[in-house]
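The hints should help you fit chain B onto chain A, whose structure is shown.
Residue numbers (our numbering), protein chains in the order written: chain A, 12 to 333; chain B, 350 to 642.
It should be emphasised that the hints constitute simulated quantities derived from the structure, not laboratory data. A hint or two may mislead.
Derived pair list, reagent style SDA-like, types lysine to any residue, alpha-carbon separation capped at 25 Å [stated by the list, open to error]: (1) A:K140 <-> B:L619; (2) B:K382 <-> A:L308; (3) A:K140 <-> B:R444; (4) B:K465 <-> A:T295; (5) B:K465 <-> A:F122; (6) B:K465 <-> A:W298; (7) A:K140 <-> B:L616; (8) B:K382 <-> A:Y297; (9) B:K382 <-> A:F122; (10) A:K204 <-> A:L109; (11) A:K212 <-> B:L570; (12) A:K140 <-> B:G627; (13) B:K382 <-> A:E315; (14) B:K382 <-> A:I305; (15) A:K212 <-> A:T295; (16) B:K382 <-> B:R444; (17) A:K140 <-> B:L570; (18) B:K465 <-> A:Y297; (19) B:K465 <-> A:E252; (20) A:K140 <-> B:G443; (21) A:K140 <-> B:F613; (22) A:K140 <-> B:I623.
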Amino acid sequence: MTFNSAAITALIGTVALALLPSVAPPYYAGLMIPFFGYAIALLGFNLLFGYTGLLSFGHAMFLGLGAYGAAVMSGVFGVKSFELVLAAVILGSALVALPIAFLCARYVGIFFGMLTLAFGMLFYSFLFKFYHVTGGDSGMRVPRMNILGLAFERYNKIEFLAGPFYYYCLALLIIAGLLMWRIVHSPFGLHLKTIRDNSRKAEYLGVHVHRFRLAAFVISAAFGAVGGAILGFRVGLADPELVYWTQSGQLVFMAVLGGFSNFFGPIIGVLTYILLQDQLQSLTEYWRSMLGVILALVVIGFPEGIAGLAIVLRRRFARRPA
Amino acid sequence: MSAFANILVGGVFHAAVLFLVAAGLQLVFGVQKIVNLACGSFYALGAYFGITFISYATQFGISPWLIFPGLIVSGILLGFIGPPIERVLRSVYGRDESFQLLLTFALVLVFQDVFKFIWGANPRSLDSAYLIYGTLTAGDFSVPVYNLLVILAAIASAVGLGLFLQRTNYGRLLRATAENRGMAEALGVDVRRIYSIVFTLGAVLGTTAGALVVPTAAASLDMAIEFVIEAFAVVVIGGLGSMRGALVGALIVGLIRALSIVYFPELEVLAIYIIVIGVLIFRPVGLFGRSVA
Numbered sequence: 012m013t014f015n016s017a018a019i020t021a022l023i024g025t026v027a028l029a030l031l032p033s034v035a036p037p038y039y040a041g042l043m044i045p046f047f048g049y050a051i052a053l054l055g056f057n058l059l060f061g062y063t064g065l066l067s068f069g070h071a072m073f074l075g076l077g078a079y080g081a082a083v084m085s086g087v088f089g090v091k092s093f094e095l096v097l098a099a100v101i102l103g104s105a106l107v108a109l110p111i112a113f114l115c116a117r118y119v120g121i122f123f124g125m126l127t128l129a130f131g132m133l134f135y136s137f138l139f140k141f142y143h144v145t146g147g148d149s150g151m152r153v154p155r156m157n158i159l160g161l162a163f164e165r166y167n168k169i170e171f172l173a174g175p176f177y178y179y180c181l182a183l184l185i186i187a188g189l190l191m192w193r194i195v196h197s198p199f200g201l202h203l204k205t206i207r208d209n210s211r212k213a214e215y216l217g218v219h220v221h222r223f224r225l226a227a228f229v230i231s232a233a234f235g236a237v238g239g240a241i242l243g244f245r246v247g248l249a250d251p252e253l254v255y256w257t258q259s260g261q262l263v264f265m266a267v268l269g270g271f272s273n274f275f276g277p278i279i280g281v282l283t284y285i286l287l288q289d290q291l292q293s294l295t296e297y298w299r300s301m302l303g304v305i306l307a308l309v310v311i312g313f314p315e316g317i318a319g320l321a322i323v324l325r326r327r328f329a330r331r332p333a
Numbered sequence: 350m351s352a353f354a355n356i357l358v359g360g361v362f363h364a365a366v367l368f369l370v371a372a373g374l375q376l377v378f379g380v381q382k383i384v385n386l387a388c389g390s391f392y393a394l395g396a397y398f399g400i401t402f403i404s405y406a407t408q409f410g411i412s413p414w415l416i417f418p419g420l421i422v423s424g425i426l427l428g429f430i431g432p433p434i435e436r437v438l439r440s441v442y443g444r445d446e447s448f449q450l451l452l453t454f455a456l457v458l459v460f461q462d463v464f465k466f467i468w469g470a471n472p473r474s475l476d477s478a479y480l481i482y483g484t485l486t487a488g489d490f491s492v493p494v495y496n497l498l499v500i501l502a503a504i505a506s507a508v509g510l511g512l513f514l515q516r517t518n519y520g521r522l523l524r525a526t527a528e529n530r531g532m533a534e535a536l537g538v539d540v541r542r543i544y545s546i547v548f549t550l551g552a553v554l555g556t557t558a559g560a561l562v563v564p565t566a567a568a569s570l571d572m573a574i575e576f577v578i579e580a581f582a583v584v585v586i587g588g589l590g591s592m593r594g595a596l597v598g599a600l601i602v603g604l605i606r607a608l609s610i611v612y613f614p615e616l617e618v619l620a621i622y623i624i625v626i627g628v629l630i631f632r633p634v635g636l637f638g639r640s641v642a
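Bound-form chain B, shown alone:
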């Protein structure tokens, strides 16, 4: 039983990270109608930067208690790359989807070399940094406290995003822009600023997820293109543009991966895409998506 619980917690941990990246993807797609392939690169950027941060932190003897909040802060600070990238994307708003997709694909290529230039071609990892907060043990079930913190952080950001979008004035403006850009603009919403802020928020979600994952996993050049495809699966299953969909989709993908790695290793990735195809065929708008007229 405890083995199963371990798998479950592992799956939820993976889902938590996936949710953060997928939420960024959803936000940008929901408001700007752009599928941002570069969100995986934001994730990788966060991860690489997290590694640098932790190695400096240990070098200067910063209290390990500051590492978790420090990673979150560095993820948020990395959001500074959002506005200039949004500025580049601005040139393809209203153009064909294929151009938007290709421009973000170009960003993926550029980012990959930036990582190679700064952090080298070899994967970078930290030894057992995830054990800094110890482990929680009950019988033969044990989980690193750090993983629980990450899950909590993801839940907190899910709640925070929900409150922000549903309850605050600014959230209403975002939703109005997502619903009908022209009308929102006519009513005096500064759509340009909204786009810039939404894109930056999406980038911050990605970089924070990357920074948080790095004590448990290595940062490598391929992680961007591998992760974006998984985040893609999440948003397709959940429904493009839906936050609730991102949450449920992330849980489905995270748990299926965790379960199949243990029970049917051959089906690890296969199972995810079978679900994606099933969803697209039987319910193309996704589990929580709304049909677009």
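For reference, chain A alone in the conformation it holds in the complex:
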């Protein structure tokens, strides 16, 4: 994808998201908060999956770290600034990810997936079983925090989420997107892609494969924690379900739905997933199977996801004589 078309896509997306709260009912603005959370997490997840070729089936762990980190920082230590909390969960998540990445990055393919799955479930069972530390299955409360030092006291929680917090998260997503764009287009990102395409050759050319995989893992964990903190803040609760392996599967689902070989794919995937889930849930109690069928169709029919489909359609359209 060239810089220009990416910039145009990003600009259109940003403008649309910025205008949304003034056009759509507040319900949809509230619905967008998990979108921002998952989108930031997916940007990180795709650095690992799409760019490095490592499929993590335990990535929900880092979203959980973000949510629980926010709960501990604000609920237990009484930190009121969301920026401080974000900084703390980024640091904490990266620190936790470091030893895990050190162990996991030696493997690829199915072994990498299973090892990350095992670590995710380890964290889940810790959250679930150690009531006195983590609150067990009832989770931990995430109190309301200040953003940019402002409390916005005259807003109630829903107004706050649909108003100031919405734009705040949009800004976070833009920062995260720019950062990730820089990362994947830097020499570092090129190294990752080389490793994905042919790790042996990369090693032969002098790339420290293990070290680069490790770095990608840690960065993606940090993005995951930011996403998790946003999710926790929105619900006001960090609970172990956020870390269960099906959640990790859902992250992979979103990435594949949007198209993991495209920079914007995962973000499109999150948006589609969240709108779809919302609509299906109001239609039928069997929304899970609908999502399952859609996932199966995407996997079988258009593995490049929505982004890939859009590119194919555009090419076909462009080829037609004017």
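What follows is chain B alone, placed relative to chain A:
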């Protein structure tokens, strides 16, 4: 001492059920190289169907002696879902592992709603159906005979599978296909049929395990996603694709669960994953796995 024996038998019972599901997972992975997340859903399907079967059986006054064989038969009959599902999976053979994993994940989602549709969202259980065959008592050690029957059935299927894979002609074809698909195909093996049969056999192992467990435990919507993860732990510990590994892995996981529930309830699940991680780090191919070049 007898308390310990009780824990042991409980653990072995759990291991027996785990072995059946894990064996199905191993078979499918060994031959088709697909990690089938839906094997937990087969297990749940067997369990739900088992409940329906037993409630009809008691309603029509069928002799309780027929319940155990009846459960096995219904587990085997449920294998009919194998071929059509294999047909769907066929579209991702040879594609990236992540796609195969995701397709079976999609199956998990669909199955969960099928259960909800047919059997409702609430857990379903039978009161003390496991006591139909009485209990075996020695001193203050007692175990329901039904549990022993299930353990025996698991041992029988382990032996049967072993004989089938090692001694019969068809087993040789399966192993040859697992070893080198292209070569087997070139030598005239109908790989398509083998895949269909292997997948169905794997599904039957899962549904039978589910049907057998249901007199002792409830069937719930979450059992599929909970059990598949445990079966996963078993195959990782034992080594992907190895039948002997499934047996040993199931015993390890079953016994550890039984022991930790009694002695360290907080470590129940934690202990299993610590072992999984340990195995993956020190011996990534598992205890009985062979390294893949």
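Hints, verified against the model:
1. About 9 Å separates the Cα atoms of K140 (chain A) and L619 (chain B), which keeps this hinted pair within 25 Å; it holds.
2. Note on K382 (chain B) and L308 (chain A): the hinted pairing holds, with a Cα-Cα distance of about 21 Å set against a maximum of 25 Å.
3. With a C-alpha separation of about 38 Å, the suggested pairing of K140 (chain A) with R444 (chain B) is violated against the 25 Å cut-off.
4. Under the criterion of a C-alpha separation no larger than 25 Å, the hint pairing K465 (chain B) with T295 (chain A) is consistent with the structure, at around 12 Å.
5. With a CA separation close to 33 Å, the supplied pair K465 (chain B) and F122 (chain A) exceeds the 25 Å bound.
6. Between K465 (chain B) and W298 (chain A), the direct Cα distance comes to roughly 11 Å. Compliance with the 25 Å bound is thereby established for this hinted pair.
7. Proximity of K140 (chain A) to L616 (chain B) is assessed by CA-CA distance (about 8 Å); at most 25 Å being required, the pair is judged to hold.
8. Pair hint K382 (chain B) plus Y297 (chain A) does not hold up; C-alpha atoms about 31 Å apart against a cutoff of 25 Å.
9. Only pairs whose Cα atoms come within 25 Å are accepted, and K382 (chain B) paired with F122 (chain A) is accepted, the gap being roughly 13 Å.
10. At most 25 Å may separate the alpha-carbon atoms for a hinted pair to count; K204 (chain A) and L109 (chain A) meet this at roughly 21 Å.
11. A distance of roughly 47 Å separates the Cα atoms of K212 (chain A) and L570 (chain B); the hinted pair therefore is violated under the 25 Å criterion.
12. For the given pair, K140 (chain A) sits about 21 Å from G627 (chain B) by alpha-carbon distance, which is consistent with the 25 Å threshold.
13. Straight-line distance between C-alpha atoms of K382 (chain B) and E315 (chain A) comes to about 22 Å, which keeps the hinted pair within the 25 Å bound.
14. Restraint check for K382 (chain B) and I305 (chain A): the C-alpha separation of about 24 Å stays at or below 25 Å, so the hint holds.
15. Restraint check for K212 (chain A) and T295 (chain A): not satisfied, since their Cα atoms lie roughly 50 Å apart, outside the 25 Å limit.
16. Taken as a hint, the K382 (chain B) and R444 (chain B) pair is honoured in the structure, with Cα atoms around 11 Å apart against an allowance of 25 Å.
17. In summary, the hint linking K140 (chain A) to L570 (chain B) is supported, as the alpha carbons are separated by about 21 Å, within the 25 Å threshold.
18. Proximity of K465 (chain B) to Y297 (chain A) is assessed by CA-CA distance (about 8 Å); at most 25 Å being required, the pair is judged to hold.
19. About 20 Å separates the Cα atoms of K465 (chain B) and E252 (chain A), which keeps this hinted pair within 25 Å; it holds.
20. Note on K140 (chain A) and G443 (chain B): the hinted pairing is violated, with a Cα-Cα distance of about 40 Å set against a maximum of 25 Å.
21. With a C-alpha separation of about 11 Å, the suggested pairing of K140 (chain A) with F613 (chain B) holds against the 25 Å cut-off.
22. Restraint check for K140 (chain A) and I623 (chain B): the C-alpha separation of about 15 Å stays at or below 25 Å, so the hint holds.
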